[in-house]
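Enquirer: If you read the protein sequences in the order shown, they are chains A, B, C and D. Residue 337 in the UniProt record's numbering sits at position 337 of the first sequence, with consecutive numbering throughout. Residue 353 in the UniProt record's numbering sits at position 353 of the second sequence, with consecutive numbering throughout. Residue 198 in the UniProt record's numbering sits at position 198 of the third sequence, with consecutive numbering throughout. Residue 116 in the UniProt record's numbering sits at position 116 of the fourth sequence, with consecutive numbering throughout.
For the record, the hints were derived by calculation from the structure and aren't laboratory data. Keep in mind that the hints are not guaranteed to be accurate.
Put simply, identical chains are the same to the list, so a pair is met inside one copy or across any two.
[Stated by the list, open to error] No more than 16 Å apart at the CA atoms, straight line, and that leaves these computed lysine to aspartate or glutamate pairs for EDC-like:
hint, residue 1, residue 2
1, K410, D276
2, K162, E94
3, K410, E271
4, K162, D47
5, K162, E96
6, K105, D136
7, K410, E94
8, K105, E94
Computed from a prediction, not measured in an experiment: that's the story for all the values here.
Chain residues, written in single-letter form:
Number of protein chains: 4
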Amino acid sequence: MVRGSWDAAARPAEQEVTRSVTTQLSPATTGRWTDHWTADTLASRYDEIRARTEQLAAPLSPEDQTVQSMPDVSPTKWHRAHVTWFFETFVLAEHEQRFAPYQDKYWFLFNSYYEAVGPRYARAERGHISRPGAHDVGDYRGNVDARMRDLIDTLDEGSLDKLAGTIELGFHHEQQHQELLLMDIKHVLSVNPLQPVYAGSPDPAGAPDRLGWVDVEGGLVEIGHDGAGFSFDNELPRHRTFLEPYRLGDRLITNGEWLDFMADGGYDRAELWLSDGWGRVTGEGWRAPFYWQQVDGTWFEHTLHGTFPVDPSLPVTHVSHYEADAYATWAGKRLPTEAEWEHAAQTLAGEPAPDANLANADTFHARAAGPPTGGLRQLFGDCWEWTSSAYLPYPGFHPAEGAIGEYNGKFMSGQMVLRGGCALTPPGHTRASYRNFFPAGARWPMTGLRLADGGASGDVNGGVNGAITGGIER
Amino acid sequence: MVRGSWDAAARPAEQEVTRSVTTQLSPATTGRWTDHWTADTLASRYDEIRARTEQLAAPLSPEDQTVQSMPDVSPTKWHRAHVTWFFETFVLAEHEQRFAPYQDKYWFLFNSYYEAVGPRYARAERGHISRPGAHDVGDYRGNVDARMRDLIDTLDEGSLDKLAGTIELGFHHEQQHQELLLMDIKHVLSVNPLQPVYAGSPDPAGAPDRLGWVDVEGGLVEIGHDGAGFSFDNELPRHRTFLEPYRLGDRLITNGEWLDFMADGGYDRAELWLSDGWGRVTGEGWRAPFYWQQVDGTWFEHTLHGTFPVDPSLPVTHVSHYEADAYATWAGKRLPTEAEWEHAAQTLAGEPAPDANLANADTFHARAAGPPTGGLRQLFGDCWEWTSSAYLPYPGFHPAEGAIGEYNGKFMSGQMVLRGGCALTPPGHTRASYRNFFPAGARWPMTGLRLADGGASGDVNGGVNGAITGGIER
Amino acid sequence: MVRGSWDAAARPAEQEVTRSVTTQLSPATTGRWTDHWTADTLASRYDEIRARTEQLAAPLSPEDQTVQSMPDVSPTKWHRAHVTWFFETFVLAEHEQRFAPYQDKYWFLFNSYYEAVGPRYARAERGHISRPGAHDVGDYRGNVDARMRDLIDTLDEGSLDKLAGTIELGFHHEQQHQELLLMDIKHVLSVNPLQPVYAGSPDPAGAPDRLGWVDVEGGLVEIGHDGAGFSFDNELPRHRTFLEPYRLGDRLITNGEWLDFMADGGYDRAELWLSDGWGRVTGEGWRAPFYWQQVDGTWFEHTLHGTFPVDPSLPVTHVSHYEADAYATWAGKRLPTEAEWEHAAQTLAGEPAPDANLANADTFHARAAGPPTGGLRQLFGDCWEWTSSAYLPYPGFHPAEGAIGEYNGKFMSGQMVLRGGCALTPPGHTRASYRNFFPAGARWPMTGLRLADGGASGDVNGGVNGAITGGIER
Amino acid sequence: MVRGSWDAAARPAEQEVTRSVTTQLSPATTGRWTDHWTADTLASRYDEIRARTEQLAAPLSPEDQTVQSMPDVSPTKWHRAHVTWFFETFVLAEHEQRFAPYQDKYWFLFNSYYEAVGPRYARAERGHISRPGAHDVGDYRGNVDARMRDLIDTLDEGSLDKLAGTIELGFHHEQQHQELLLMDIKHVLSVNPLQPVYAGSPDPAGAPDRLGWVDVEGGLVEIGHDGAGFSFDNELPRHRTFLEPYRLGDRLITNGEWLDFMADGGYDRAELWLSDGWGRVTGEGWRAPFYWQQVDGTWFEHTLHGTFPVDPSLPVTHVSHYEADAYATWAGKRLPTEAEWEHAAQTLAGEPAPDANLANADTFHARAAGPPTGGLRQLFGDCWEWTSSAYLPYPGFHPAEGAIGEYNGKFMSGQMVLRGGCALTPPGHTRASYRNFFPAGARWPMTGLRLADGGASGDVNGGVNGAITGGIER
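Excised from the complex, chain A in its bound form (with noise of 0.2 Å):
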């Protein structure tokens, strides 16, 4: 176990999963998940995993990997050493025999809880490291692979048993890693005049698609992780929760939708922002979503594939909390709370499959919501959809005795949580009762709304924005 302070100032779902780490290494005491593990299918899912973030480091330079563009991202290769840090620590350096530090730095180099002294300030100096180089980085995954995969080869049963938690942990741990990589080298490539392309051509956009709505009927309801297969802490534990009747959007808001709202003064006017939001329009100078550029007249919008025109039946990705509250109060609806979201997509629809998002394996933007379906489309995998609710610890969460809890729930405080994934969230990696969070003035995570309304009595019938009307269900 690791000594030292903990890195505060560590973006949200690195923080959720390193914590996560120490709480779950006893998986048969939590019951937190239940995959039955043999060391071929450990050694197969492990070189999967670790293959898929090479694959996604391929088109990147070493100066690319390199840089950090602004404090909340870190460098691509960073995250590449990162993630094989943690297999060296808290699985070879707990079990392999004659272990030996690969390299004694890097675990102050790639130790998310090194900041002793100034936290924020090394966080913020991810970029500024030289060395080790890209390749050198190579060199450090490759000497930790083969080292775990003698390991599992060498474990008899039980320490199978006891060691697979904690290697499925770092499994999760890295398509976290995955998902950030793609999320900040998005940013670095951004600040960059060339304007140079991560990935090939976008799909072809669907056509733009009228919203419905979705009624769910509450009542006293249960959220939380059910138990079956992995999760992490923060979704336990199963809880009763009391829901009135609401109803649900039955797609993500679109761009074209976000340019209406533009175009009716959204960011200007200062009533439809809660009070902190219009500090930072003000402040910030805030008049369209993150990665938007306007040029002579039309939107522009940065992504991994290249700079190209908005496209108004694309959801609107990378808004604010505060942007999506705004638009919800425009639209005369609100954003759902997290326990509406996570009722209604276990009720109607069900888990995402396993494959989720495969069909944008190479795909890295959200997807139109593509013909309804009376039922709830872009739940998963398009983007992280903001909901009314702060991040605080379930009813009955409270941290686990002893030093293995010390940290737990630390960063439930000043966030809201966001359901259901993004484009850039690997295969099989999200699921209905998945909490993710950021402060309400993130934007460069890939952010979206799904709007809702009712939630008391006598308001779900009543429908108040004409421009957002019509339903499913009615």
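Using the hints provided, position chains B, C and D relative to the given structure of chain A.
Expert: Showing chains B, C and D alone in chain A's frame:
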């Protein structure tokens, strides 16, 4: 000619009130208050409220009334003028025949709505305005009082019914500023090395007392204002919510218990703190509650009655949400949700008597708990109790239509809910459904904490920390 | 018990004075002043100086005297107390029999030396101190005045000789604060939308006037104080310096000329500005001198006499060094060096008459130049003239040995020299060798400019800018 | 010529060069350089200068060349591209037939003028630009080199004469960036915990040596460039100035002497420091020179050759002006003025030999003084020596007429002059009249100090501090 704009990043409680103004002008529609007013009772109440403000300001010199010792506080004379401006603007300007403002520029100076060019800057500049002086503000108050009495005397019954709601809102608004005036001058006097005293000697304190626990059954309960008497809009609508069985501490945490926390490294152990809280502890050097100072090994506390050694039997006050949360974590407990607090208060304690804190009308600090009662002690009028709930809209709350709802919900972001009222709250001002709110780092309000436990099946009976055990019910 | 430290990032002029205190306690040694004082003349001068301070504060309410409208200014009552503290500390505490301080904590509150923990913060907090009030400060002054008169009356001749130097230093110190008191209250009143007026109507202005030039031969000249009468240490030693022939404008630049600069894009053309200056222009939005505001197309100027349309015949005031330098560049000229200014003043103008600005004892703004005189006009008592010289020690200046020299030269970094005195400078306070200094960006002091030209052979006769031509000598 | 605003945040040395560009395009007019160039000598010198840049970058990986470790430093690949852009813009674009830029956007990226809208932000973002990569920059250099050689080969004699001045300016510009490249990469490598080494072992140091003094008579002397060979405009015009007799230390202050200063409380005693310097000491925690670190009681110094124990016989380097001034005060001495330094260098040392620091072409640190010579040692090529002179225009310096002089003198504000050159300065680049300049708080340049004394009659012969005595001349 005006140099710079005035005001407007008003403190939460202030905003909450003024926001209410715009939505509660039609009591007949909303039914949010039910008192039947006659010209006599209205005038009498008006005089009573207005006199209390002047009584609170009386011990303060013109210089005292001018100072703004940090951006969060406002000068005394600004409070006295602002509440007067409220009646002039929302009552006289609307209903007085041949209305003319007392002084044109007072609208600008004493209007907390004015958020034009640089609102935050302006608010922080209230202490830069030497004129009108304290005496001039007295003249302004006298003028408006005379006109208000004339107006009330001459209204016919229909107009009175229509206007009474706005005037009553002015009463509650002025009461909020009475509390703020005291909180603010407490800070102003605290920064003065001469250690000025606002008022005479404090009460003798009671003896230290053992913390007991009160069990609450929970279930599908209702919270929110029930429609009898006045409320602010954020207390509405009354709605159902589900609570697992839980228990509440039967009194507030004391200074003595806080000293135990400090002695056990409370401010040195990162593992007890929310991440943002730990950032404040290290960044701002927090070592004790806000108004405590250690001299020669003894802790002293600044109060409106002077600076005294910390009394271990009194409730701890002036701690932030972060500190309250860290304490609860240290104690193996948690803070209550606002629903738990309100449901318990309604069920077990009822509304505070109209004279709830009359007893300490001249005692401007929280009192000792007194002997155990078998129920909840210190619910109203000692210190605002931090809850674990973010300040968010109740289900079914949404902005009123039209301009009247412009600011609804605007501050429902980034703040935490507090309940109960404090020793500086005017008699009769608080109630079980009253929702106060401050940022999690605020320390200058008179805040404290009560512990909670349980909240999920099986947890209630497990005593966690021997330091805080026992309990009335067992 | 004290909350936080007080003071100490005192304003330059303040520091310069107090620094002088420590080096000039032995006039016999340094010969820096030569006035022969008797008990009668000393007491009479003491009364005169002290009465003028109270006279300047008389128009100001207790609230006016309390406000600190930005960190650079100090409250009026602080000035009144600080100069009193000077006599109590450096005279009474050293020479009074049975000395006891008037109030222990006043030493802390009114001592600009105290730089312990957080000096800059403390200075910026002078406006947070409501007590002692203005009346209490009056009591303090009365007490010290009585004791000072007693002391002067009872000294024998030897002691008087020894003490007179310190007391005379206190006179000059108090005069500096008289000037600061006015500069500071000018700013305090400027931020008030009620536009308070400090004093009655200003003088009628003279007619606009053509700028002439005065040629000076230069050569190996001497500058620095010549030993007759009082000086501060930074005016020493008198020393040789070499000047090429040069010329000086015979009067200050006027508001009218400044309007021409503005009309010609003065604040829009980066090429006219020093780099740091352009950073301020763009970063802080400078568009005109500090106290100017444009209303409906007309420029108005805040003065101690009220807010009036800008008078083109008066000297421009409240411009920074950056603005003065940009103006000179625009005009094809430059600012004079301090050696050029002093040499010309000595040679062509002599010392100011003791009553140099008595004429405007009740006129707190710079006056029009008056008709050409064939020499230098407006040298003393209109506005402090920016020079092109950095504030550095004269050759041969070095710290005195021992603690007495602790602060010598401490501020000789990062500031520019100004010469001449301004309309707020007390009569008799300034002289040809007087070196004032402020950071290049300071705008709240009463500053202006005079042009120079030449300074290298062949340059003097070349008229550069037709807008400013003519000249007495040609 | 380039429009738009100037990069205000650019480092002094960089700006000084580019500013020179605009004024020195007419060498025939200004006579500022006199070398006679032929096509052969010009091409040969071009190749030599250009090759050295690539040689300096050769040890650095693509990742090393990408990092910007603080706003003051620029990435290596930016330097390599920027000096290339200079030749493309000021030579090829003006004189090449059928000119077309190598890459349109390179103008934006490698133009230190480019930072139109937000200059400071842009400069600080050089490290955010991953592409073009280090290899791409090599291609750019090759392309421009080929075109430059073609151009030089095809010029007739008249065109060559006209163009040689600009090309020679490009040589000096590239040399300045060679020095900056090394200063910058020194910082980049210093922040890496892996402690990368730039180059092989350092020289063995000489033995410690006693400080001697060299007396200089002074009088009415001349300083400034005398017109033979190249100079920058800020070295002009040569002019008279008066100096009292003075003396200079015959060598630089050593690390050993600096350790004495530290041991005597140098960083703890406010009385030794300029006020602004003391603010940095306390605000930024300065305890030793910039690149020193204490490990287990021993001081280590980061160099381009690795991290070594501090060698007491070497000159102290990487100290700010504030530190140099505090040291001199502690030693009872002072820093020299720039006029004193230049006059002594001209009189007693002459110009540096063209190969002055060839000896340390592969040694990137200051060398020990070597044995006493009876004259001034270490004048050129060890470390830039802080003077007590503010960076201001020489008498008679004024902006050239027309656009060409737009930016003259722009940085003559808020900086101090340094003289002599340092171990990173290319051979042949410095001279006695060379004026370098940095803000008083800069520590990352390779700076040091030499003491001065005297300067006013009677002072020269008074030894002040026994710790530094002796002297060659006595």
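Enquirer: All hints, please: hold or fail.
Expert: So, going through the hints one by one against the coordinates:
no., hint, verdict
1, K410 with D276, "between (23 Å within a copy, 8 Å between copies)"
2, K162 with E94, "within (12 Å within a copy, 73 Å between copies)"
3, K410 with E271, "between (33 Å within a copy, 8 Å between copies)"
4, K162 with D47, "neither (20 Å within a copy, 66 Å between copies)"
5, K162 with E96, "within (14 Å within a copy, 73 Å between copies)"
6, K105 with D136, "within (13 Å within a copy, 32 Å between copies)"
7, K410 with E94, "neither (25 Å within a copy, 51 Å between copies)"
8, K105 with E94, "neither (18 Å within a copy, 52 Å between copies)"
The structure fails hints 4, 7 and 8 (numbered hints given earlier, in ascending order).
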